[in-house]
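Student: Sequence:
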Amino acid sequence: MDLSLNFGLNWQADRNNLIQTGIEFRYNTYAERYNYRLTSYSMDERLWLNRGLHDTFNPIQFAVYLQDKMEFDSMILNFGLRYDYFNPNRDWFVPTNYFNLGINPNYNAGIDPQNTQIDSNGNVKYSFDNAINQPQQRHRDYHMISPRFGVSFPMSVNTLLHFNYGHFYQMPALDQMFEFVYFRPEYLVRLIGQELDLADAEGRAPNHIRSNDGDPERVVSYTREPLKPMKTTQFEVGVKHNFRDFIVVDVTAFYKDVFDQTEERVGLFDRAVRGYDPFFDRINPNQSYASFFSGDYGDSRGFEVNLRTLFSRKWNFDANYSFSRSTMGRASPRIVTINDDGSTSYEWDTDVNKRIPVERSFSRPHILRANLSYFSNGMNASLMYRFVSGQVFTYLRPNDPPDTFNNFRFPSSQNVDLRLEKGFTFGRSHILSAYILVTNVINTRNLRSYGDFLFDADATRRFVEDGIITDVDAGGYDMGWQNYFEPRRFYFGVKYGF
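So that you can map any letter, position 391 of the sequence shown is 391 in the working numbering, and since no number is skipped, the others follow by simple counting.
Rather than coming from a laboratory, the hints here were simulated on the basis of the structure. Glycine included, C-beta positions come from ideal geometry on N, C-alpha and C. One or more of the hints may lead you astray.
Claimed, not checked - Here are the simulated SDA-like pairs of lysine to any residue, each with C-alpha atoms no more than 25 angstroms apart in a straight line:
{"id": "1", "residue 1": "LYS228", "residue 2": "ARG462"}
{"id": "2", "residue 1": "LYS422", "residue 2": "LEU432"}
{"id": "3", "residue 1": "LYS240", "residue 2": "LYS422"}
{"id": "4", "residue 1": "LYS231", "residue 2": "THR252"}
{"id": "5", "residue 1": "LYS314", "residue 2": "LYS228"}
{"id": "6", "residue 1": "LYS240", "residue 2": "ASN306"}
{"id": "7", "residue 1": "LYS422", "residue 2": "TYR450"}
Claimed, not checked - Estimated spans, in silico, between C-beta atoms of each pair:
{"id": "8", "residue 1": "ALA31", "residue 2": "LEU196", "range": "44 to 52 angstroms"}
{"id": "9", "residue 1": "ASN443", "residue 2": "ASN17", "range": "52 to 60 angstroms"}
{"id": "10", "residue 1": "LEU196", "residue 2": "ILE132", "range": "19 to 27 angstroms"}
{"id": "11", "residue 1": "ASN17", "residue 2": "TYR346", "range": "49 to 57 angstroms"}
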């Protein structure tokens, strides 16, 4: 069951104060119903390679806010305060110093003479049941307070200065907060399948299949400690000017500082946690599990220019240009080692892209949008232009310094779209409209991919050095269909309103 409640109240206390308040409440159901990775040779769910917990829980979110908009002859002030509460409403594993949640530290090899990995007390050395029976406790809840402030005041009859400042919070994704993946190696799954077939034929319960100590069944990823909410501190300042009631220009500069981000892992062994192995009385040198850590950071800064003009009652022109740069950096460790006494040591990244702030893949420094519209006698026509900078990527030449990163960029993309619409009115309140939309009118070839750069080692070199776009992947298959974004397209439609 999912439940969402929203309540808002606006109160004009007097001619100067507009008070706004509200409450938000959400109760959701998160059900992990099917989280298996099966073998290529069987769809039998008992022969899984990976699986999750298949738990169901009901996170609760609550927020209340209060804002006062104060209007005076000389300025407008906005003061606000928001309180957010998040309760995952579930139990989670108590942090342990063991290298594998799937072990039973009480297992005693001395009373397991057959080396079945089940001792005479019934303790199983490695098993999924060991993991899910680990001690759990109620997960912590979160309380967040966000102040907001804004002010605008005229500098002249046609010029307005505005400033805004605020804090904003966002919880990490639930699949990061409660990640749990249990893994059984393929050799073990194959032996389990053989034992299941034999047990069915003999009419008995299947026996436990022992693991190889060097590659046992185990937890390969799990969120060990609670993640923090991501906090963004944002401010912007701008000026808006009216040029003789013909053109209005708004120029705004902004800065966003982000703390306690939880960035994705890069590769199989990133954000690894190593732990104590009670069977050999040491830190296990070969096995670890991946986790998510809070503490990464990012920022976004730039400026934006908005232009609006009304040439006449029939013609209108709008334009928007923004310059910005969005970067991220890692402050969380690459490897965490937890010793038998519970003490912790850290190893930090040495890769360039994990040591220095780098531009995000979605960052586009230059974005320009322009729209020219015409309205007359039920006829609407719009011509839209869009320019977007390309994505950055790294290509190292022999003489480049070791800290070189994001030194090349994809070509920019440009699009022109056209929309024509004609409306017909009949009766008193019935409107029938027909429209045509043409995207990428001039059929620009906007590059999306220069080749199979993951598996073709020469794709990036050919693109940078020779300008060659590879349309065949590393396996020899055609991939030309994904080298460019969509060509010109025509859309036709009819709308009816009353």
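Student: Could you check the structure against the hints above and give me the numbers of any it violates, in ascending order?
Tutor: Hints 1, 3, 5, 7 and 8 not satisfied by this model.
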